[in-house]
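Numbering of the sequence shown is given in the numbering used here, commencing with residue 86 and proceeding in unit increments.
Accuracy of the hints is not assured; some may be wrong.
Pairs of lysine to any residue residues, derived as SDA-like cross-links and limited to a Cα-Cα distance of at most 25 Å, are as follows [unchecked claim]:
#: 1; residue 1: Lys248; residue 2: Glu232
#: 2; residue 1: Lys110; residue 2: Leu133
#: 3; residue 1: Lys233; residue 2: Gly194
#: 4; residue 1: Lys142; residue 2: Leu127
Okay, the calculated beta carbon distance ranges per label pair [to be verified]:
#: 5; residue 1: Gln166; residue 2: Glu138; range: 38 to 46 Å
#: 6; residue 1: Asn216; residue 2: Val88; range: 39 to 47 Å
#: 7; residue 1: Pro218; residue 2: Arg251; range: 30 to 38 Å
#: 8; residue 1: Arg240; residue 2: Ala101; range: 41 to 49 Å
#: 9; residue 1: Gly212; residue 2: Pro89; range: 33 to 41 Å
#: 10; residue 1: Val91; residue 2: Pro218; range: 15 to 23 Å
#: 11; residue 1: Glu232; residue 2: Pro89; range: 40 to 48 Å
#: 12; residue 1: Asp103; residue 2: Arg243; range: 37 to 45 Å
#: 13; residue 1: Val220; residue 2: Glu93; range: 23 to 31 Å
#: 14; residue 1: Glu226; residue 2: Arg97; range: 33 to 41 Å
#: 15; residue 1: Tyr105; residue 2: Ser210; range: 38 to 46 Å
#: 16; residue 1: Pro193; residue 2: Ile92; range: 35 to 43 Å
#: 17; residue 1: Ser95; residue 2: Glu228; range: 49 to 57 Å
#: 18; residue 1: Arg255; residue 2: Ser95; range: 48 to 56 Å
Just so you know, these hints were derived from the structure itself, not from any lab. Ideal Cβ positions, reconstructed from N, Cα and C, are used throughout, including at glycine.
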Amino acid sequence: MLVPMVIESSSRGERAYDIYSRLLKERIIFLGDAIEDHIANLIIAQLLFLESEDPEKDISLYVNSPGGVVTAGLAIYDTMQYLRAPVSTICIGMAASMASVLLAAGAPGKRYALPNARIMIHQGSGGFRGNTPDVLIQVKEMEALVEKNHELLARHTRQPLDKVRRDTERDFFMSPEQAKDYGIVDHIFTGRGESLIAVAHDETAKSGTGLAPGAGDGKAADNGKSAAPEEETPATAR
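Throw the hints in and build the complete structure from the sequences for me.
Right, here's the structure in full:
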């Protein structure tokens, strides 16, 4: 994949960055792939680095992912919860399966979706091979991971656990408005003119130069709806 480069000029000359490194300087992390171990390690490393830079300043996690391996997603989730720095989540495109859990796990009041984003929740799935005892062990592990995801969604959306179990029996697609009603996101970004970088970082500084969605300028709606399908990965996936 070709990664764009950006050039910055200063009194000390010019410096080239790949676009993701440049965004990292603004405390922005971009999750734009299926979630697997390599991607999870990159996201975790960036989260830890940004907290070491400033443990009080918000980190913004932009999500456009079909989901992926549950254990890899849980590693990102645990890191988000471990950090002192608040992690704001913003859905652009789609957040499906494990990615929807990460979207919901953002700091309270700082979970956003763009107006045409799609959000989808469902049970995890996977395929198993081997002799019967080994397959049964893997099935039990998958069931445990599915239940863990149910519990996390219930915790962050404040929905009853039984409702989450029912809703995830099949793919459950949501618009941003529906996702807001469900408790997965808090705001829908609907206006132009305010940069998404400012949206991500100014929620706790509304008296400053930037306003977060819904902070007095009418750029965020108080509702949400949308979601998209995701790819499956072996064993503990989705």
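Going through the hints against the structure:
1. Distance hint between Lys248 and Glu232 is fulfilled; the C-alpha atoms sit about 13 Å from each other, no more than 25 Å.
2. Taking the CA atoms of Lys110 and Leu133, the gap is near 14 Å; set against the 25 Å cutoff, the hint holds.
3. With a C-alpha separation of about 23 Å, the suggested pairing of Lys233 with Gly194 holds against the 25 Å cut-off.
4. The straight-line distance between the Cα atoms of Lys142 and Leu127 is roughly 20 Å, inside the 25 Å bound, and the hint therefore holds.
5. Between Gln166 and Glu138 the beta carbons are some 19 Å apart, a value that contradicts the proposed interval 38 to 46 Å.
6. Checked against the given bound of 39 to 47 Å, the beta carbons of Asn216 and Val88, roughly 44 Å apart, stay inside it.
7. For Pro218 and Arg251, the Cβ-Cβ distance of about 31 Å falls inside the hinted range of 30 to 38 Å, so the restraint holds.
8. Between Arg240 and Ala101 the beta carbon distance is about 43 Å. The supplied range of 41 to 49 Å therefore holds.
9. As the Cβ distance of Gly212 to Pro89 is approximately 37 Å, the hint placing it in 33 to 41 Å holds.
10. A hinted range of 15 to 23 Å is violated for the C-beta pair Val91 and Pro218, which are about 54 Å apart.
11. Between Glu232 and Pro89 the Cβ separation comes to about 41 Å, which falls inside the hinted range of 40 to 48 Å.
12. A beta carbon spacing of about 39 Å between Asp103 and Arg243 agrees with the range 37 to 45 Å that was offered as a hint.
13. At roughly 54 Å, the beta carbons of Val220 and Glu93 sit outside the given window of 23 to 31 Å.
14. Here the CB-CB span from Glu226 to Arg97 is close to 53 Å, at odds with the stated 33 to 41 Å.
15. For Tyr105 paired with Ser210, a C-beta distance near 30 Å fails the hint of 38 to 46 Å.
16. Separated by about 38 Å at the C-beta atoms, Pro193 and Ile92 satisfy the suggested range of 35 to 43 Å.
17. Ser95 and Glu228 have their C-beta atoms about 55 Å apart, which keeps the hinted 49 to 57 Å range intact.
18. At about 54 Å, the beta-carbon gap between Arg255 and Ser95 stays in the expected band of 48 to 56 Å.
Hint compliance for this structure: hints 5, 10, 13, 14 and 15 are not met, and every other hint is.
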